[in-house]
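Visitor: Line order of the protein sequences matches chains A and B.
Sequential numbering of the first sequence, starting at 1, is according to this note's numbering.
Sequential numbering of the second sequence, starting at 382, is according to this note's numbering.
Just so you know, these hints were derived from the structure itself, not from any lab.
Examples of chain A residues lying across from chain B (beta carbon under 10 angstroms, computed): (1) D5; (2) T27; (3) Q107; (4) G250; (5) S324; (6) I329.
Model, not experiment: these values are computed from the prediction.
Beta carbons: idealized from backbone N, C-alpha and C, even for Gly.
2 protein chains.
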Amino acid sequence: MIYLDNAATTMMKPSCVVDAVTAALTTLGNASRGAHEGALNTNRLLYKTREKLAGFFGCPKSEQVIFTNNSTEALNIALTGTLRPGDHAVTTVLEHNSVLRPLYRLQRERVVDLSFVPADRRGCVDYADFERLVRPNTRAVVCTHASNLTGNLLDIRRIGEIAARRGLLFIVDASQTAGAVPIDMVDMGVSMLCFTGHKSMMGPQGTGGLLINGDIEVEPFKVGGTGVQSFLTEQPREYPTRLEAGTLNGHGIAGLSAAVDFIRQTGIDAIRAHETALARRFYEAASAVPGVVTYGDFTTWERCPVVALNIGGADSALVCDALSCDYGIATRAGAHCAPLMHRALHTEAQGAVRFSFGYFNTDADVDAAVRAVREIADRIG
Amino acid sequence: MIYLDNAATTMMKPSCVVDAVTAALTTLGNASRGAHEGALNTNRLLYKTREKLAGFFGCPKSEQVIFTNNSTEALNIALTGTLRPGDHAVTTVLEHNSVLRPLYRLQRERVVDLSFVPADRRGCVDYADFERLVRPNTRAVVCTHASNLTGNLLDIRRIGEIAARRGLLFIVDASQTAGAVPIDMVDMGVSMLCFTGHKSMMGPQGTGGLLINGDIEVEPFKVGGTGVQSFLTEQPREYPTRLEAGTLNGHGIAGLSAAVDFIRQTGIDAIRAHETALARRFYEAASAVPGVVTYGDFTTWERCPVVALNIGGADSALVCDALSCDYGIATRAGAHCAPLMHRALHTEAQGAVRFSFGYFNTDADVDAAVRAVREIADRIG
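Work out the full structure, taking the sequences as your base and the hints as a guide.
Guide: In structure tokens form, the structure reads like this:
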């Protein structure tokens, strides 16, 4: 199989990640729930990984690195923990359901108002809209760092400046960019960063986090045992325990920690250059095939290594199945959990076939994918 | 290190669990988010593991096996998803903070009333209390299958009969028993079972689940992407997606699946007999040491393989540290996230040292622990 579905999850993990998880499975006790070597191993792992992630994402306080089991959980905590009845939030039509559904629920249950920054047919926003949509009761700007469908990057620094000028929380969904694009929370003005471990971070599934920059009161989402302050009836107020209840995924976090090391050692710029070159090679050849329509802004390669396309009027699922069954090429079709983005692109019915490239892909993978697209287009046309 | 902290987490995992996770780390795509082999591998794994867990715990519908990242998350979903304003719940003083804190929060935020079944100095309940505490607005009985501090088992079948007779939901925290004690939800009248994968199931951290027996409307806790029905603004209403948002911990679930196989192949009765024999061997020798006080009901060995004790008036943390530093024996001291249990046992200040035995422990481990207890008691006394 040629795996070009890295935006859904990176299937291949660096060998150091595999090794770290394997070792952890017979050496980790339960952190904060004992003072013996097994428990302390886990405490040290968690501490070290928080430090590492804080450094990697530019979060000033490592104790404000909260472990979650994916981005979705981080977003649920961030949004539900900060938006109060009567608040207003500015978001975008690029968002994934991991942002939209928590926001819609807050709209229904807490009367939180929402405004959506629109996108044009290439999936691009007008940054003036972020400022224009701010109201007196706006509490937060909530947006993705990149569309999971088109791969378009948003200029987070620019939006961060608007949020800072208007005194707003700036909550960023970095599901598509963490590990693939450099992020510095302080420099970019990000208040809360939500990331997942299993995509471009190349770590295990079941890992991710919420990083909090500054003194922000986030109400607990899950509550339960913390191994400390057992006689409190409420969740302790100190971070990170405030937002972490129950036993963490130590085994997965061991892999995530190794994954950060791998990215640092390889160099995020080198990873980015390789992935971008692959996406560009694919785009340039595939977009020239008669009948192929691509979605997104390809006037710049300041973007994620994703190319979404359709072939004529063919159902994206049929094209995706042909790629998989006839060519052994793994891509993703359909709606990609991004309903408003499809509306903006006018692809609600057809969906789109997404090719997403990862660090372990090669030029040969790209060339095979281009040949397949060409043959399928020939057959359809 | 002699690891006797298995009630916190089993540090050693069966080799088939390690192998399954290792293999998964380079073969799993993202379930429901593609139709290629990588994604289908994960879909098949999830389906198969739901079937396996449903069979293991006697849950009639495998689609009502919800994956969570631990027991705490399962309990948050179960309690927050069913208890509504004005409801009353009966629970016990044996509960862990993973039950207590979600309940206390519902008491504060939704005006849910709580009643607690008390325990005597041995940590035993009077089953008549469950019935006595039921009110006209009682909606659920919520209780642990075993105290994490004393190891006392509750007679779940008996409580299930009371719940069924009074038309109540019966929500069980099986954190301490799943994998160690046979459980059949239908036979025991359990409506919702919450378990964790990393304790007696011998699976990876970051795994667990909520199993739902019957037509119960559980409101979503986390919401977000599901890979299906992307154009719905709400979480889909069908189980399991209704209660699962975002990418699951496929790598961990691969390990959990192997762990269930290991328990089935070894035989839960054989595992139970081995662990009980170890605990009994320890209890009989350690409780005879002058100055040692044990907590819990040892008139029966229908219990978990846990022995909590103190040595004279010594702070439990000091004894635990001596065990770890001087003898390399890993136990747990302190409050064990069970504040009301300590109150009932009058050990709030002292805490207790918990020795908890697992499948990979041996008689030699027990004998070393007994010798250590004897020497520490000699030194203190």
